[in-house]
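J.: Residue strings, one per chain:
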Amino acid sequence: MGNVLVYIETADGQIAPISFELLGAARKLAGALGGEVEALVAGEAGAAQLGGADTLIQVQHPLLTPYVPEAHVAVLADAVRTRNPQVVLVGNTSVGIDLAAGTAAATGRPLVSYCLGLEVEGGAVVARSQLYGGKIVATTKTEAPAVFAVVAGSFPEAAGRSGGKGQRVDVDPPAALSALRMRFVSSAAPGGEGVDITKAERLVSVGRGIGGPENIELAQELAKALGAEIGASRPVCDSGWLPKARQVGKSGMTVKPKLYFAVGISGAPEHLEGMRDSELIVAVNSDANAPIFKVAHFGTTCDLFDLLPALTERLKAKAG
Amino acid sequence: MSKVEPGRTHEEEHLEFEGMDISGHWNRMFEQRVIWEHDTSTLDKVTAIAGAESLGYCYQCGKCTPACPVDHVGDYSPRKIFRKTQTGIDLLTSPDLWLCTTCMNCLRVCPKEVNMISIMPAVREVAVAEGNVPPELQKAFENTFNHGNPLGEPARKRADWVADAGAPVTILPKEKRPVDVLFYVECYWSYHPRGKDAARALARTMATLGVDWGILGHEEKCSCDSQRLAGEKGLFEMIAEQNIATLGKYEFKRMVTSDPHAYNAFRNEYPKLGAEYPIQHYTQFLAPLMGSLPWKRKLDYKVTFHDPCYLGRHNGEYDAPREMIKQIPGLEFIEMFRCKENGYCCGGGGGGMWLDSFTGNHVRERLSERRVKEAIETGAEMLVVCCPYEVSRFEDAVKSTGNEGKLLVRDVIELVDEALHQES
Amino acid sequence: MHIAVVLKQVPDLVEELEIDSGGKDIDRSFVKMKLNEFDDHALEQAVLLKESGGAKVTAVAIATEGIDQVLYAAKARGADAAMKVEAGEGVLDSRRAASAIAETIKQLAPDLVLTGVQAADDLFGQTGPYLAAVLGWPHVSVVSGVELGGGTVRVHQEYSGGRTAMLEVDLPAVIGVQAAPQPPRYVPVSKLRQAMASGALDSTSGAPASAPAGVAVAGLAKPESGRGAEMLSGAAGEVADRIAALLAERGLARG
Numbered sequence: 001m002g003n004v005l006v007y008i009e010t011a012d013g014q015i016a017p018i019s020f021e022l023l024g025a026a027r028k029l030a031g032a033l034g035g036e037v038e039a040l041v042a043g044e045a046g047a048a049q050l051g052g053a054d055t056l057i058q059v060q061h062p063l064l065t066p067y068v069p070e071a072h073v074a075v076l077a078d079a080v081r082t083r084n085p086q087v088v089l090v091g092n093t094s095v096g097i098d099l100a101a102g103t104a105a106a107t108g109r110p111l112v113s114y115c116l117g118l119e120v121e122g123g124a125v126v127a128r129s130q131l132y133g134g135k136i137v138a139t140t141k142t143e144a145p146a147v148f149a150v151v152a153g154s155f156p157e158a159a160g161r162s163g164g165k166g167q168r169v170d171v172d173p174p175a176a177l178s179a180l181r182m183r184f185v186s187s188a189a190p191g192g193e194g195v196d197i198t199k200a201e202r203l204v205s206v207g208r209g210i211g212g213p214e215n216i217e218l219a220q221e222l223a224k225a226l227g228a229e230i231g232a233s234r235p236v237c238d239s240g241w242l243p244k245a246r247q248v249g250k251s252g253m254t255v256k257p258k259l260y261f262a263v264g265i266s267g268a269p270e271h272l273e274g275m276r277d278s279e280l281i282v283a284v285n286s287d288a289n290a291p292i293f294k295v296a297h298f299g300t301t302c303d304l305f306d307l308l309p310a311l312t313e314r315l316k317a318k319a320g
Numbered sequence: 001m002s003k004v005e006p007g008r009t010h011e012e013e014h015l016e017f018e019g020m021d022i023s024g025h026w027n028r029m030f031e032q033r034v035i036w037e038h039d040t041s042t043l044d045k046v047t048a049i050a051g052a053e054s055l056g057y058c059y060q061c062g063k064c065t066p067a068c069p070v071d072h073v074g075d076y077s078p079r080k081i082f083r084k085t086q087t088g089i090d091l092l093t094s095p096d097l098w099l100c101t102t103c104m105n106c107l108r109v110c111p112k113e114v115n116m117i118s119i120m121p122a123v124r125e126v127a128v129a130e131g132n133v134p135p136e137l138q139k140a141f142e143n144t145f146n147h148g149n150p151l152g153e154p155a156r157k158r159a160d161w162v163a164d165a166g167a168p169v170t171i172l173p174k175e176k177r178p179v180d181v182l183f184y185v186e187c188y189w190s191y192h193p194r195g196k197d198a199a200r201a202l203a204r205t206m207a208t209l210g211v212d213w214g215i216l217g218h219e220e221k222c223s224c225d226s227q228r229l230a231g232e233k234g235l236f237e238m239i240a241e242q243n244i245a246t247l248g249k250y251e252f253k254r255m256v257t258s259d260p261h262a263y264n265a266f267r268n269e270y271p272k273l274g275a276e277y278p279i280q281h282y283t284q285f286l287a288p289l290m291g292s293l294p295w296k297r298k299l300d301y302k303v304t305f306h307d308p309c310y311l312g313r314h315n316g317e318y319d320a321p322r323e324m325i326k327q328i329p330g331l332e333f334i335e336m337f338r339c340k341e342n343g344y345c346c347g348g349g350g351g352g353m354w355l356d357s358f359t360g361n362h363v364r365e366r367l368s369e370r371r372v373k374e375a376i377e378t379g380a381e382m383l384v385v386c387c388p389y390e391v392s393r394f395e396d397a398v399k400s401t402g403n404e405g406k407l408l409v410r411d412v413i414e415l416v417d418e419a420l421h422q423e424s
Numbered sequence: 001m002h003i004a005v006v007l008k009q010v011p012d013l014v015e016e017l018e019i020d021s022g023g024k025d026i027d028r029s030f031v032k033m034k035l036n037e038f039d040d041h042a043l044e045q046a047v048l049l050k051e052s053g054g055a056k057v058t059a060v061a062i063a064t065e066g067i068d069q070v071l072y073a074a075k076a077r078g079a080d081a082a083m084k085v086e087a088g089e090g091v092l093d094s095r096r097a098a099s100a101i102a103e104t105i106k107q108l109a110p111d112l113v114l115t116g117v118q119a120a121d122d123l124f125g126q127t128g129p130y131l132a133a134v135l136g137w138p139h140v141s142v143v144s145g146v147e148l149g150g151g152t153v154r155v156h157q158e159y160s161g162g163r164t165a166m167l168e169v170d171l172p173a174v175i176g177v178q179a180a181p182q183p184p185r186y187v188p189v190s191k192l193r194q195a196m197a198s199g200a201l202d203s204t205s206g207a208p209a210s211a212p213a214g215v216a217v218a219g220l221a222k223p224e225s226g227r228g229a230e231m232l233s234g235a236a237g238e239v240a241d242r243i244a245a246l247l248a249e250r251g252l253a254r255g
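Residue numbers (this note's numbering), protein chains in the order written: chain A, 1 to 320; chain B, 1 to 424; chain C, 1 to 255.
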């Protein structure tokens, strides 16, 4: 039996897109392994949408919502122990980092993270993982059973939306939930300035290459000329140069604007994850080998301190 | 504010001076008093720092104020720094601490030898140790520590410019042979696009002259003089020790560098660490050789020249670059009003190179912007420089002052190269 | 309160990475190593907790080439002690590194362990969760901001979409730090040198567990260029002209 178990990630009661990607990937793997696709929902989620799974495993408990990592690790580890799937798929998201490693450690299974692609070869799973900020791709061969953490955007969502048998089993929560060592206190929506960069049609996004907080004005002027909002990479927000609400990427926002203008962003995988589906991506970066150019439509290694004012001026002239 | 204390006056009851009776209150003298009304602890804190003592010598004559380039674009000068500190503004946390470019024009005119070249690095060092360092400058320090250059470029790419030089360049770690001249390329000629232009022009000129020369390639690190002046003495010492060890591995008769700051370091600072080098600035090396160059074309440019502070005022060399300009066929040379000993500063020294945005928030215009306006006023169409910081600084300033097309900026070596080669 | 911070070096991504002749590792002979940036934030978070609430901070790292400087820098930044874990030759994956470090953590018996949330070279997940599993302690990753309570810590966990939650975690615990509340502070070289002069680092030994069963690295490769960007070259003015034109074509220039 080569079943594939997918952990269904939810946010605010909605199923996260990564979960459909995983269900699609699971379908292919399960086919090759001669097994079925199982989806684990810890807490509440719209089961109706999970037609991509053969079996929907539902675990309900008051401590599973809101999300507490330890509780979800306990549920996932319990499901892995009792159902013994050959492959466990978890999103390599900020939630998945806890879950994948926690479950692998608790069940003694190997874990391969940052997966971009998964194939079955004999009884083993061949995974391609991005390492070193996306500069290297590692191929590993792992004997099942094992856990894989998959980078968002690696598989199409559509394949995971249907095609399952749609059975449903309710499973009792594990005893470990009564002995949790962490508690939910409060949650906060993205704060600051009341901006919502996910709604912006045009984004000028700033990375570490901008040099310092004082240079952000250059990008702001360009944004003004474009009628765009300002976004940022994680290091820029971590340094306090721009508020967290403007962060694009894994621990920030996922954006799909018509124009994504990346300034001084090298394109770590965590960033690309949040913007790769933008309609038009223009990137300015001094390093011609920067991964951002792999997803960008147009790129230049022009000095941004020369280019930005020049472009701003031209756009203003056009508008005027 | 000051009060005359009773009992601290002195009067002679009977006194005559040149036939005049000035008895009694006519000869009243006051006892010398100290200004005890002020709390001087802020000043005391600064003058207690080793190297910063001379700030206390200031007697407010104000000679430095018109000499200070920063005062021309803001409200600065050593006199003002002294006065502010005396009246309780803490220099250690004030933006004033980072505005001085250590250009040394104040020390030139100061009768009390209030030495900002010593005060600023010393006080900055304390500020840096307390974690008070502008982020841009911190980045330059970190880059220098991690990569050996303030730009944060990989050490391995330091000699990449050589590939397009169009002339052979000996990279000593590869070829390991004695050379006559060790050329210390320095960071901006190694990595900055316009710096690389100059480095390549130099390589071609060296080939024309038949000089036996080599560079340290990826083993070279920043001489770190500007980092030292910006308050990171420990970083300077650490990298200097590494450079001294590297230089010790190779055989050369003399050393030439692109950078006046490196020249200053090797001439004045590395000897304090026990390492003496026969160092020349490249203008000093080339000026005497100019007569033997096979010029191919006349350059029909009207030019003016900007003295680098660390070649001129700091080390007394005003003639070598002028000699080069004079020898390049065709150039018409006009001096700027502020030149030589009173030359204006480009704003890049003493860490200013890595504080442009910070400084920009505290001055009306950048020093480099003011300087290009002065260059344009002479009627020159080209500003000639001989410091790796300056080409990019002045080219930026030409653009930011809206003078694009009115003034070109060229390193003097680029002109030599141009006059040695037919137009392509 | 005793906080242990686990530090490691990763290849500096400023450098171009090459794959070695074996094809299963990067060529480490030319790679420049630097402190993992998330570990840097973990250290800053620990020092901030020390400054605000009083705590002893111990920096812990597997002994690798160049790690001494990292540990001295940690001391210069405010760590009270630094511990080097001798775990034999070779590059350890995170699971094995965590097992080696766990022994030292047991000896140190801290109240809280901070690690960086992840590392660019870590194929097998993260140090933190494995460490927590070996120790049997609770673990939270992707944390930006830690506050000490009595017997607990409150941590801000980040989720995609910019949402955050505050969780209260019983001590002892292992926390994976994404970002400290403020950027890592600068260590002047003079302070670093003082730390180096102040005495040798402590060291212990810890045997790593055997390699994770079942996983074999088949090979490394540089990513395929894929579609890739059309690169615009030339002077800033020319490139600006072209970008302005192509934005205008697509109706993305304003006006």
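Think of the hints as simulated: they come from the structure by calculation, not from any bench.
You may find that some hints are simply not true.
[What the hints assert, rightly or not] A short, non-exhaustive set of chain C residues, derived as facing chain B with CB atoms under 7 Å:
| hint | residue |
| --- | --- |
| 1 | Glu15 |
| 2 | Ile19 |
| 3 | Ser21 |
| 4 | Trp137 |
| 5 | Pro188 |
| 6 | Val189 |
Yeah, the Cβ is synthetic: ideal placement off N, Cα and C, and Gly gets one too.
J.: Measuring from the C-beta of Ile19 (chain C) to each C-beta in chain B, is the shortest one below 7 Å?
T.: Given a least distance of 16 Å, the restraint on Ile19 (chain C) is violated.
J.: A closest beta-carbon separation below 7 Å is what the hint needs, so does Trp137 (chain C) meet it against chain B?
T.: This interface hint is violated because 32 Å lies over the 7 Å limit.
J.: Interface hint check: Val189 (chain C), Cβ to nearest Cβ on chain B, cutoff 7 Å. Holds or violated?
T.: This interface hint holds because 3 Å falls under the 7 Å limit.
J.: Can you verify the interface hint for Pro188 (chain C): is its Cβ closer than 7 Å to any Cβ in chain B?
T.: holds (5 Å)
J.: Using the nearest Cβ pair, does Ser21 (chain C) come within less than 7 Å of chain B?
T.: For Ser21 (chain C), the interface hint is violated, since the closest Cβ of chain B sits about 19 Å away, which is over 7 Å.
J.: For the hint on Glu15 (chain C), just tell me whether its beta-carbon gets within less than 7 Å of chain B.
T.: Holds, about 5 Å.
Hints 2, 3, 4 from the list above are not met by this structure, while the remaining hints are.
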